[in-house]
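Undergrad: Take a look at the letters that make up each chain.
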Amino acid sequence: MLLLADRRAPVLSYHTWYRVGSKHEKPGKTGLAHLFEHLMFNETKHVPRGQLDRLIESAGGETNAATWVDWTHYQSELPASELPLITRLEADRMQHLVLRKPQVASEKEVVANERRFRVDDDIEGQVNELLYATAFPNHPYGWPTIGWMTDIESFTPEDCERFYRTYYAPNNATLVVAGDFEEDAVLELIQQRYGKIPPARIPAFKRPRAPVQRRERYLQLKKPTPAPKLALGYYAPAFGHADYPALALASEVLFGGRSSRLFSRLVREQELVTDLHGSIAPFADAGLYEIWLSLRPGRKLAQAQKSVERELARLCKQRVPTAELDKVKNRMELGFLQGMETASGKAEQLGFFEIVGGDAASLFTRLTALRNVTAADIMRVANQYFAPARRTRIEVLPDGGATEQEHEGADA
Amino acid sequence: MKRQRNPALRSGTQRPNSIVTGTGSMLLVEADHSLPLVHVGVILRTGSTHDPQGLAGLTRLTTRVMRMGTRTLSTQRVEERIDSLGAQLSVGCAPSYVQFGGVVVAHNLEPFLALIGELITAPAFRNRDLARAKRETAAELIASCDDDRTLAARHFRAYALGKHPYARSVVGTTQSVRAISREHVLSQYQKHFVSRNVIVSMAGAVHEGDALRLCDRYLTFPKGSAPKDRVPPPRLPAGRRLLIVDKPKRSQTQIIIGTLGTHALDPDHTALQVANVVFGGLFTARLTHEVRSVRGLSYGASSSLGHDRERELWSMWTFPAAKDARQCIELQLRLYDEWIKHGVRPGELRRAKSFLVKSHAFEIDTAQKRLDQRVETELFGLPPDYQDGFVDRVRRVNREAANAALKRRLSLRDQTLVVVATAKELHKELSQLPHLGEVRVTPFDRV
Numbered sequence: 001m002l003l004l005a006d007r008r009a010p011v012l013s014y015h016t017w018y019r020v021g022s023k024h025e026k027p028g029k030t031g032l033a034h035l036f037e038h039l040m041f042n043e044t045k046h047v048p049r050g051q052l053d054r055l056i057e058s059a060g061g062e063t064n065a066a067t068w069v070d071w072t073h074y075q076s077e078l079p080a081s082e083l084p085l086i087t088r089l090e091a092d093r094m095q096h097l098v099l100r101k102p103q104v105a106s107e108k109e110v111v112a113n114e115r116r117f118r119v120d121d122d123i124e125g126q127v128n129e130l131l132y133a134t135a136f137p138n139h140p141y142g143w144p145t146i147g148w149m150t151d152i153e154s155f156t157p158e159d160c161e162r163f164y165r166t167y168y169a170p171n172n173a174t175l176v177v178a179g180d181f182e183e184d185a186v187l188e189l190i191q192q193r194y195g196k197i198p199p200a201r202i203p204a205f206k207r208p209r210a211p212v213q214r215r216e217r218y219l220q221l222k223k224p225t226p227a228p229k230l231a232l233g234y235y236a237p238a239f240g241h242a243d244y245p246a247l248a249l250a251s252e253v254l255f256g257g258r259s260s261r262l263f264s265r266l267v268r269e270q271e272l273v274t275d276l277h278g279s280i281a282p283f284a285d286a287g288l289y290e291i292w293l294s295l296r297p298g299r300k301l302a303q304a305q306k307s308v309e310r311e312l313a314r315l316c317k318q319r320v321p322t323a324e325l326d327k328v329k330n331r332m333e334l335g336f337l338q339g340m341e342t343a344s345g346k347a348e349q350l351g352f353f354e355i356v357g358g359d360a361a362s363l364f365t366r367l368t369a370l371r372n373v374t375a376a377d378i379m380r381v382a383n384q385y386f387a388p389a390r391r392t393r394i395e396v397l398p399d400g401g402a403t404e405q406e407h408e409g410a411d412a
Numbered sequence: 001m002k003r004q005r006n007p008a009l010r011s012g013t014q015r016p017n018s019i020v021t022g023t024g025s026m027l028l029v030e031a032d033h034s035l036p037l038v039h040v041g042v043i044l045r046t047g048s049t050h051d052p053q054g055l056a057g058l059t060r061l062t063t064r065v066m067r068m069g070t071r072t073l074s075t076q077r078v079e080e081r082i083d084s085l086g087a088q089l090s091v092g093c094a095p096s097y098v099q100f101g102g103v104v105v106a107h108n109l110e111p112f113l114a115l116i117g118e119l120i121t122a123p124a125f126r127n128r129d130l131a132r133a134k135r136e137t138a139a140e141l142i143a144s145c146d147d148d149r150t151l152a153a154r155h156f157r158a159y160a161l162g163k164h165p166y167a168r169s170v171v172g173t174t175q176s177v178r179a180i181s182r183e184h185v186l187s188q189y190q191k192h193f194v195s196r197n198v199i200v201s202m203a204g205a206v207h208e209g210d211a212l213r214l215c216d217r218y219l220t221f222p223k224g225s226a227p228k229d230r231v232p233p234p235r236l237p238a239g240r241r242l243l244i245v246d247k248p249k250r251s252q253t254q255i256i257i258g259t260l261g262t263h264a265l266d267p268d269h270t271a272l273q274v275a276n277v278v279f280g281g282l283f284t285a286r287l288t289h290e291v292r293s294v295r296g297l298s299y300g301a302s303s304s305l306g307h308d309r310e311r312e313l314w315s316m317w318t319f320p321a322a323k324d325a326r327q328c329i330e331l332q333l334r335l336y337d338e339w340i341k342h343g344v345r346p347g348e349l350r351r352a353k354s355f356l357v358k359s360h361a362f363e364i365d366t367a368q369k370r371l372d373q374r375v376e377t378e379l380f381g382l383p384p385d386y387q388d389g390f391v392d393r394v395r396r397v398n399r400e401a402a403n404a405a406l407k408r409r410l411s412l413r414d415q416t417l418v419v420v421a422t423a424k425e426l427h428k429e430l431s432q433l434p435h436l437g438e439v440r441v442t443p444f445d446r447v
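Taken in sequence, the protein lines are chains A and B.
Here the working numbering is used: position 412 in the first sequence is 412, and no number is missing along the way.
Here the working numbering is used: position 144 in the second sequence is 144, and no number is missing along the way.
Here are the simulated DMTMM-like cross-link-like pairs (lysine to aspartate or glutamate), alpha carbons at most 25 Å apart as the crow flies:
1) B:Lys249 x A:Glu124
2) A:Lys300 x B:Asp445
3) B:Lys358 x A:Asp92
4) A:Lys222 x B:Asp147
5) A:Lys223 x B:Glu425
6) A:Lys317 x B:Glu80
7) B:Lys323 x A:Asp122
8) B:Lys249 x A:Asp120
9) B:Lys323 x B:Asp147
10) A:Lys223 x B:Glu140
11) B:Lys358 x A:Glu183
12) B:Lys249 x A:Asp122
13) A:Lys306 x B:Glu140
Simulated from the structure, these hints should not be mistaken for lab results.
Take these sequences, add in the hints, and give me the full structure.
TA: And the structure:
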């Protein structure tokens, strides 16, 4: 349990993080952790269907959830007086969820629609899914958190029940409470609500071996879009790895703000792209450093790729000047402070650092870790992680409505 | 008993007053020293509704070029300085206002304000920057065709409101942007960036006295008032009309259905807000329940009530699979019909009011949010107690008032439907929707 009192406003943020995400699934059952995120809002032995949302809304609260590769996260924002309500509801659905056929069938339809929205009819969503599937074959990060459509369609209530009994238990969860509360009262209430819930035998997670890749992987797609796109993925360290802060700063040098190297080069000087971003996947195990470029109509992918490669090479060969390093550190400090403006932001950051980084307290030393990164550190990690042979590249070309084609092969 | 620790959360009478700067602009400050951050806004009371005929996008383009440099700073230098200060700056344009909005670590507030001041009061308006901004805008317009939701929203406004200024795209069209010259930009700037048209806002780790001193030093505008807002009340064409935005290979549709709603000072506005929460403003609302929870037709289903100085649009949004589009639209129209004809039920009304009253704490839990409310009050000319009186107004809404507002303000006859879909697959089916007076198809990539 993590508690952070903030009495500036009479509100409360109550988050429950379960250490189960899509990496804990099996091939053929992908998307189960995410489907569960939906099912948890349904019926329990004590709360009829739809009542959980109704009780929270009537109390002036809002509730939501999210799933990714390492975790499932439930969050509620409520007036401070509603702590008894939310502890009762969360403790109840941790142990008394009802998983019947109609609920599972209806939520499968909703999730199928969510998949169409986020992936099937969204080019960036499709490309991101392909990027991970290509970079991580035979690895749980290779399947999408939302699941393959055929898997979503095939889930049974028995699959769900088994998953629930395996992973939803107090010894697999972290509670985070931030906002206006008295610590003793919260502790007493949580002991009362959760104290008697039995632990589960959580299966040990066998950390998969990182993929071995000796030459670039490459795919090309044709889609109904007015302009080409390019996605690149380089293997990157886990969130808790010592190299993560240095690579995060390298990313900021390349993509952070409108004065960043790639924004200046590709958007302003060369007028090649309309949208670009780069970031490290914040995963508990090694993931990808992702780069996304959406080009202007008529511009050539090769030119954009060359510009990106030139900037990556510069980062590998030349130290970032002190003024530029100070600039990106200032930007990261701003981002950190913005994340701490609300009770909800604080709860989310704390939970994330605990579940993915392994230590909630490291949230408070993160800025120092970033401040301590040197230009030499950035050059070292750039050389280590931006190796073209360990890259996955996906190109999207406009097809004007023609049939989709996919090609695979090594880059020339 | 819940404690009230922040004085700003107590009552309207204790809210800080607005201050008039040396050049006559309005300054609003909301202090909160718990984090070393300051949010800054320079807001104009005029927006894209002031774009001249045929020059849609002029106001937005003007602000965009202002960010591209001053008489002494190039674009790159401006951006370097913003990032180096540990700041963010966004320049946004809406139908009724323009905002230079930023946030900065508190110890760099003064140089940040100095930079914003230079951008706003001494823009270079270089020809090459204008040409670049026009090329960027044209490219962004084309790129926006990738996003089906954006397509639906843009076409909905245009199709629903026809030639009214609210129908106009804030960004403009490729044609209107091409027609904009440096003289147009200069003229728009000179007319609107005048002292009595400007509101300056600061929230966070700043004292009122310092804020005024910095304003007087860096944010000085030529004295004067901007041209009056001449937006007429919008009207919706008669009957039920359907526009299909034709895009290939859609497995899913994006659907927006709507009609005219209210303006912020409409006596029915609060009652309609409450009624809208019942219909589509919550996860357990009728629309969400029937479309998502019961039938699983769409991942999202919600309704919203816009507001501005004149009547804005009320609309509902869903995105079912293409195969379910007709079923979903028919269900939505039936739910809408029942809502207007039979109104809200007592239990629904009680829950909606309870949500709005109790969740109000989240509308004012940060200095930035409290300041946003004060800015909105000034922008839309609302009474001084409008925001603080919200909870009391909601409490006073009864079933009769909610149901009367529905009947008075939302039309059973005049409705606009916009569907992003593959026309060859759905045109015939959607043309059979009940009581359609008009069906049109437009290509998705016409911008």
